[in-house]
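If you read the sequences in order, they're chains R and Y. Just so it is clear: in the first sequence, position 57 is 57 by the working numbering, and no numbers are missing. Just so it is clear: in the second sequence, position 309 is 309 by the working numbering, and no numbers are missing.
I should point out that these hints are in silico values taken from the structure, not numbers from a laboratory. Be a bit skeptical, because a hint or two may be false.
Which copy is meant is left open, so a pair is good if it fits within one copy or across any two.
[Claimed, not checked] Pairs of lysine to any residue, SDA-like flavour, derived with a Cα cap of 20 Å:
#1 Lys81 - Arg302
#2 Lys50 - Pro311
#3 Lys326 - Arg105
#4 Lys373 - Leu151
#5 Lys81 - Ala299
#6 Lys81 - Ala298
#7 Lys50 - Arg314
Below, each chain spelled out in residue letters.
2 protein chains.
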Amino acid sequence: MTAFAFRIDAVDGAARTGAITTPHGVVRTPAFMPVGTQGAMKGVHWRDVKASGADIVLGNTYHLMLRPGAELIAMLGGLHKFIGWPHPILTDSGGFQVMSLAELRKIGDDGVTFRSHLDGAIVSLTPERAIEIQVLLGADIAMQLDECIRLPQERRELARAMRLSLAWAERCKRAFETAAATAPGHALFGIVQGGDDRELRAAGVRALVDIGFAGYAIGGLAVGEPQHVMLDMIETVAPLLPADRPRYLMGVGTPDDLLRTVGRGVDMFDCVLPTRNGRHGLVYTRFGPINLRNARHAADPRPLDSESRCPAARDYARAYLHHLVKANEMLGAMLLSEINLFYYQDLMAGSRAAIAARRFAEFCAVTMEGWAKGDLGAL
Amino acid sequence: MTAFAFRIDAVDGAARTGAITTPHGVVRTPAFMPVGTQGAMKGVHWRDVKASGADIVLGNTYHLMLRPGAELIAMLGGLHKFIGWPHPILTDSGGFQVMSLAELRKIGDDGVTFRSHLDGAIVSLTPERAIEIQVLLGADIAMQLDECIRLPQERRELARAMRLSLAWAERCKRAFETAAATAPGHALFGIVQGGDDRELRAAGVRALVDIGFAGYAIGGLAVGEPQHVMLDMIETVAPLLPADRPRYLMGVGTPDDLLRTVGRGVDMFDCVLPTRNGRHGLVYTRFGPINLRNARHAADPRPLDSESRCPAARDYARAYLHHLVKANEMLGAMLLSEINLFYYQDLMAGSRAAIAARRFAEFCAVTMEGWAKGDLGAL
Chain R
1 MTAFAFRIDA
11 VDGAARTGAI
21 TTPHGVVRTP
31 AFMPVGTQGA
41 MKGVHWRDVK
51 ASGADIVLGN
61 TYHLMLRPGA
71 ELIAMLGGLH
81 KFIGWPHPIL
91 TDSGGFQVMS
101 LAELRKIGDD
111 GVTFRSHLDG
121 AIVSLTPERA
131 IEIQVLLGAD
141 IAMQLDECIR
151 LPQERRELAR
161 AMRLSLAWAE
171 RCKRAFETAA
181 ATAPGHALFG
191 IVQGGDDREL
201 RAAGVRALVD
211 IGFAGYAIGG
221 LAVGEPQHVM
231 LDMIETVAPL
241 LPADRPRYLM
251 GVGTPDDLLR
261 TVGRGVDMFD
271 CVLPTRNGRH
281 GLVYTRFGPI
291 NLRNARHAAD
301 PRPLDSESRC
311 PAARDYARAY
321 LHHLVKANEM
331 LGAMLLSEIN
341 LFYYQDLMAG
351 SRAAIAARRF
361 AEFCAVTMEG
371 WAKGDLGAL
Chain Y
1 MTAFAFRIDA
11 VDGAARTGAI
21 TTPHGVVRTP
31 AFMPVGTQGA
41 MKGVHWRDVK
51 ASGADIVLGN
61 TYHLMLRPGA
71 ELIAMLGGLH
81 KFIGWPHPIL
91 TDSGGFQVMS
101 LAELRKIGDD
111 GVTFRSHLDG
121 AIVSLTPERA
131 IEIQVLLGAD
141 IAMQLDECIR
151 LPQERRELAR
161 AMRLSLAWAE
171 RCKRAFETAA
181 ATAPGHALFG
191 IVQGGDDREL
201 RAAGVRALVD
211 IGFAGYAIGG
221 LAVGEPQHVM
231 LDMIETVAPL
241 LPADRPRYLM
251 GVGTPDDLLR
261 TVGRGVDMFD
271 CVLPTRNGRH
281 GLVYTRFGPI
291 NLRNARHAAD
301 PRPLDSESRC
311 PAARDYARAY
321 LHHLVKANEM
331 LGAMLLSEIN
341 LFYYQDLMAG
351 SRAAIAARRF
361 AEFCAVTMEG
371 WAKGDLGAL
């Protein structure tokens, strides 16, 4: 079994490109992880997720623990085998969904108790159980349990959640070390919390690094704050993180967010935007976002992007994609989600190449200029 | 442009196997046509429709005339180009959907006027307009406008609808001949009506054959009557149809319906069952229908059918398919629809080979035995 490792091949300003080695393969960084919430990518076959260029996907512990259950997945050979994705998988710890989806949640020092949004069952998630579940799933990269809270928020509350997340980080690390015998080569990441407070973030990251993890996530962002706040927090946190460990910005974001935060030293991302927006008629392209519900596409014979790597962006008229969206055809959601997954991966591939060539700033400028120009004169 | 032609290669009892040549390619018969109602196959990429073995698909005139509109599709190069399916397409005439979907419909000698189910617009469909639309769409095989009514029904009403359909058949034929200059090589089929009344069916088919069509459809079945009534009507009609023209049983059916009616001389079918049932968790297999919602699949590591040609039937555990169905994941609908499309095509391919080998009765017996045995001891 290959052990977890992170290698940086090139640095350009604060941006880095390299590779994470995991038991199920190599992840080129910067990396975007599509989100397969319930063990499936909404509207996209696994073969097309791979074809898009994704090296790694994210699975949600909260959803999978409730249905079909971590023990069942383990019995069936683990998450990779269950879903038919033999490549790297990162699982979150369940904390974020407990906060956003579950009812009647009660947070204590020991963990969180909540009512399942599926059947009302009372479920408990402790740091130890979060690790146990992720080991049962067989995640290449597991995440510590943390408490993620929405912004804006009182400083006192931010501090409390940050300290609780640190305490859970320690317990997760111990539980993971115990479990390491059953999951050799797998890795555990810690999560920096602290909201939009620079001092809390700085204090939190130092304490987290003292505990020591294979990689570090920046959590608690993309939860309602403006982009400049998010960027400010990353600028606070990134320089304090060990340079030789991957940095993962959780739940982010738009293509613009991705370029701006790669430029600030982030190596990994996950987000539901490509598939969620695809289901709602919005695609990301080199001409910027395009809303295919718009009537201006109704008779447009042009493909979305004749030069795209993505068959769906090349092979169909905008008029057809518009028709599928207006008619609520599943195929519309399927094609647009695929188009977005390809575009996100293209953005990451372009970033990696640009960083390797020490031309990342130029790449960002050209890419953003393309978005600003729009698609009216595209062909 | 290749002209429409039908060739019979082998006959076994009443069953026949052969090929229909159309401007967009050859259709091996017996043929099952998956239904792409609104210019899309629900939950299945076009490449997978082709991979399933389908030679031809059906498009719905009623839906496409209302959205996005036949003139728009023609302007964009026709239905084949619009949807990205360069193979044969048959379009229905819109009559069936007018009866089942539209509101405030009013049938007169001249045609039918109705309120669109989409936006309430008042739309009129005459025999001439039905042909015009299908020529605009570029259908390889167009259907006459007919009046299809539900069973059971008064004989007087059946006779009226049958006579109206015959009058429309004549007008459609004239309109199609006029349009033939713009659609060389394309074909028009007539539709036999007459409900569950043998005399009406027999009279109707003779009158229709007198008008003369490139192929003949049997309509007005699979509208609520028991299977034995449907088979009785086919036994009445098929021997009266010219042997050298394809026979198309509209809107049928289950795998069992298909085998029993191929055995009575039917060459073509269309039905939404494979995709509709796939979306609801039901798959057709060599072990009979399997409802993946059933809890008995929850921990079953076996694939649906390890010997299937269909990747989705081979590559995933039943437990995963069950999970996707229970979790209402789009991927569940996508995989199960694909499995059904493959199975229907396998049934047609098996029928063709068996008829060619003059062993169709044996093929039916073995296949039905497999369905009856079920899947409990499958692997």
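- Ascending list of hint numbers which this structure does not respect: Structure breaks hints 3, 4.
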